[in-house]
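A.B. asks: Can you build the whole structure from these sequences, using the hints too?
There are 2 protein chains.
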Amino acid sequence: MDLKKKVSIAVVKRLPRYYRYLYDLLKMDITRTSSKELSVRMGITASQIRQDLNCFGGFGQQGYGYNVEFLYKEIGKILGLNNNYQTIIIGAGNMGQALSNYGNFEKRGYKLVGIFDVNPNVIGKKIRDIEIMHLDTLDEFVKSTKVDIAMLCVPHDQTPTVADRAARLGIKGLWNFSPMDLKLHHDVIIENVHLSDGLMVLGYKLNEKMIKESQKIEKKQKR
Amino acid sequence: MDLKKKVSIAVVKRLPRYYRYLYDLLKMDITRTSSKELSVRMGITASQIRQDLNCFGGFGQQGYGYNVEFLYKEIGKILGLNNNYQTIIIGAGNMGQALSNYGNFEKRGYKLVGIFDVNPNVIGKKIRDIEIMHLDTLDEFVKSTKVDIAMLCVPHDQTPTVADRAARLGIKGLWNFSPMDLKLHHDVIIENVHLSDGLMVLGYKLNEKMIKESQKIEKKQKR
Numbered sequence: 004m005d006l007k008k009k010v011s012i013a014v015v016k017r018l019p020r021y022y023r024y025l026y027d028l029l030k031m032d033i034t035r036t037s038s039k040e041l042s043v044r045m046g047i048t049a050s051q052i053r054q055d056l057n058c059f060g061g062f063g064q065q066g067y068g069y070n071v072e073f074l075y076k077e078i079g080k081i082l083g084l085n086n087n088y089q090t091i092i093i094g095a096g097n098m099g100q101a102l103s104n105y106g107n108f109e110k111r112g113y114k115l116v117g118i119f120d121v122n123p124n125v126i127g128k129k130i131r132d133i134e135i136m137h138l139d140t141l142d143e144f145v146k147s148t149k150v151d152i153a154m155l156c157v158p159h160d161q162t163p164t165v166a167d168r169a170a171r172l173g174i175k176g177l178w179n180f181s182p183m184d185l186k187l188h189h190d191v192i193i194e195n196v197h198l199s200d201g202l203m204v205l206g207y208k209l210n211e212k213m214i215k216e217s218q219k220i221e222k223k224q225k226r
Numbered sequence: 004m005d006l007k008k009k010v011s012i013a014v015v016k017r018l019p020r021y022y023r024y025l026y027d028l029l030k031m032d033i034t035r036t037s038s039k040e041l042s043v044r045m046g047i048t049a050s051q052i053r054q055d056l057n058c059f060g061g062f063g064q065q066g067y068g069y070n071v072e073f074l075y076k077e078i079g080k081i082l083g084l085n086n087n088y089q090t091i092i093i094g095a096g097n098m099g100q101a102l103s104n105y106g107n108f109e110k111r112g113y114k115l116v117g118i119f120d121v122n123p124n125v126i127g128k129k130i131r132d133i134e135i136m137h138l139d140t141l142d143e144f145v146k147s148t149k150v151d152i153a154m155l156c157v158p159h160d161q162t163p164t165v166a167d168r169a170a171r172l173g174i175k176g177l178w179n180f181s182p183m184d185l186k187l188h189h190d191v192i193i194e195n196v197h198l199s200d201g202l203m204v205l206g207y208k209l210n211e212k213m214i215k216e217s218q219k220i221e222k223k224q225k226r
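Just so you know, the sequences run in chain order A and B. Counting the first sequence from 1 gives a position; this note's numbering is that position plus 3. Counting the second sequence from 1 gives a position; this note's numbering is that position plus 3.
There could be a bad hint or two in this list.
Identical copies look the same in the list; a pair holds intra-copy or inter-copy alike.
Said to hold, decoys possible - Under the rule of at most 25 Å between Cα atoms (straight-line distance), these lysine-lysine pairs were calculated in the DSS-like manner:
#	residue 1	residue 2
1	Lys208	Lys186
2	Lys39	Lys186
3	Lys16	Lys186
4	Lys114	Lys175
5	Lys110	Lys223
6	Lys175	Lys215
7	Lys110	Lys9
8	Lys128	Lys149
9	Lys222	Lys128
10	Lys175	Lys9
11	Lys16	Lys114
12	Lys149	Lys212
13	Lys186	Lys149
14	Lys16	Lys208
15	Lys9	Lys225
16	Lys212	Lys9
17	Lys30	Lys129
18	Lys146	Lys30
Hints listed in this document are in silico derivations from the structure and should not be mistaken for laboratory results. Note that the structure is predicted; figures quoted are calculated from it, not measured.
C.D. replies: If you want it as structure tokens, here you go:
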């Protein structure tokens, strides 16, 4: 990956979508595609798609388009999937258990290697062959096992402490499900999940639709 | 809300973030802010913030900046929060239960009014005073209760059928947690949650960091 140009976060955020759509094409045995065809499927303009992919050097051939498998693999590389990331989940409540059962992460190359909690009722229980361990054993575990990413599903008030501990243990990426913008002073990359943001976008669209419909009715009444 | 200009989805997706940050300012008793100050907090350029807010008519005053409470309320209106949206959850597995317990939705004005499942082991159980009901009673429930949004947390293979049923019952918004781009022919607004996209963005950033670090080491070795 050429890192001379800084790739904007908006482009980076679209990469997983490209990856998903290309995977679907592969499953349908489609070997070749174009920015135009992808555009129709994905609801992004063809020129945006070409611009996005050009950030990483292109991948297309004039008159041929894109080789689906090649592009899929290249985007996978850009997303770092060749690093075989290993993940743990801290907090085996409903959200932690939902994530443990979410097979899609594995399909994307993220391997779940450990689940941790402090609740004696869940410790020892297995989810997809992984035993839930006591959080006290985390330090020991991280010393003997490669852990790249910790998914934090602990209660709100415990999140900063747990995050700090994970970062001190050398875990480089934190995926935080607690509804807060977690910030740490360590050299660690944090992605905060704000579930309610998606719900609010849905609410915006519903509202926009309602306004449009009432404007239509008003217009009709004026005639 | 003025809907003559089409607001881009990128702007819409930033609105919930503005709303969250303004809420934090309110909690800290900060009554006045500027695009510059918001810019530092949010990691977006001040000019981007002004542009975004101008899509809806501005809200700022030259030399004064923004009144936090006013801006917070206005963005709430734009997000449709004045509609007092009512939601149901279909599927009370781990993800459904995690969402039921997620108090943040309520804080944002989304009221959970029903939870549905088909599993006899969970039906009758209460989550935050809401009883889990059998999915068979959904039609009846929707006839007597205003339901704007259904959160779909059912297994992958059942998602299209359940979504179709909800849409036919007149539910206008679907928030889909199954890892698929749900599409329906009904007049319904769908937001698909792709949890793994966020994880992959984290993976990209980790990869980018690793590449930069190895490039630094290479440079040092060349000297």
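A.B. asks: At 25 Å max between alpha carbons, let me know whether lysine 110 reaches lysine 223 within a copy, between copies, both or neither.
C.D. replies: neither (52 Å within a copy, 37 Å between copies)
A.B. asks: 25 Å Cα cut-off: does lysine 128 pair with lysine 149 within a copy, between copies, both or neither?
C.D. replies: within (22 Å within a copy, 40 Å between copies)
A.B. asks: What label fits lysine 39 with lysine 186 when the C-alpha limit is 25 Å: within, between, both, or neither?
C.D. replies: between (40 Å within a copy, 20 Å between copies)
A.B. asks: Is the C-alpha distance from lysine 16 to lysine 186 at most 25 Å within one copy, between copies, in both cases, or in neither?
C.D. replies: both (20 Å within a copy, 21 Å between copies)
A.B. asks: Checking an output row: lysine 110 and lysine 9, CA cutoff 25 Å. Within, between, both or neither?
C.D. replies: neither (28 Å within a copy, 37 Å between copies)
A.B. asks: With identical chains, the pair lysine 146 and lysine 30 could be close in the same copy or across copies; at 25 Å between alpha carbons, which is it: within, between, both, or neither?
C.D. replies: Neither: 39 Å inside a chain and 41 Å across chains, both beyond 25 Å.
A.B. asks: My question is about lysine 9 and lysine 225: at a cut-off of 25 Å on alpha-carbon distance, are they close within one copy, between copies, both, or neither?
C.D. replies: between (53 Å within a copy, 24 Å between copies)
A.B. asks: Which holds for lysine 16 with lysine 114 at a C-alpha limit of 25 Å: within a copy, between copies, both or neither?
C.D. replies: within (21 Å within a copy, 30 Å between copies)
A.B. asks: What label fits lysine 30 with lysine 129 when the C-alpha limit is 25 Å: within, between, both, or neither?
C.D. replies: neither (31 Å within a copy, 41 Å between copies)
A.B. asks: As a check of your reading, is lysine 175 near lysine 9 (CA-CA no more than 25 Å) within one copy, between copies, both or neither?
C.D. replies: So lysine 175 and lysine 9 pass the 25 Å test inside one copy only (21 Å; across, 40 Å).
A.B. asks: Under a CA distance limit of 25 Å, which applies to lysine 186 and lysine 149: within one copy, between copies, both, or neither?
C.D. replies: Answer is within; shortest intra-copy Cα gap is 23 Å, inter-copy 39 Å.
A.B. asks: With identical chains treated as interchangeable, where does the CA-CA distance between lysine 114 and lysine 175 reach 25 Å or less: within a copy, between copies, both, or neither?
C.D. replies: within (15 Å within a copy, 37 Å between copies)
This entry does not satisfy hints 5, 7, 9, 17 and 18, going by the numbered hints stated previously.
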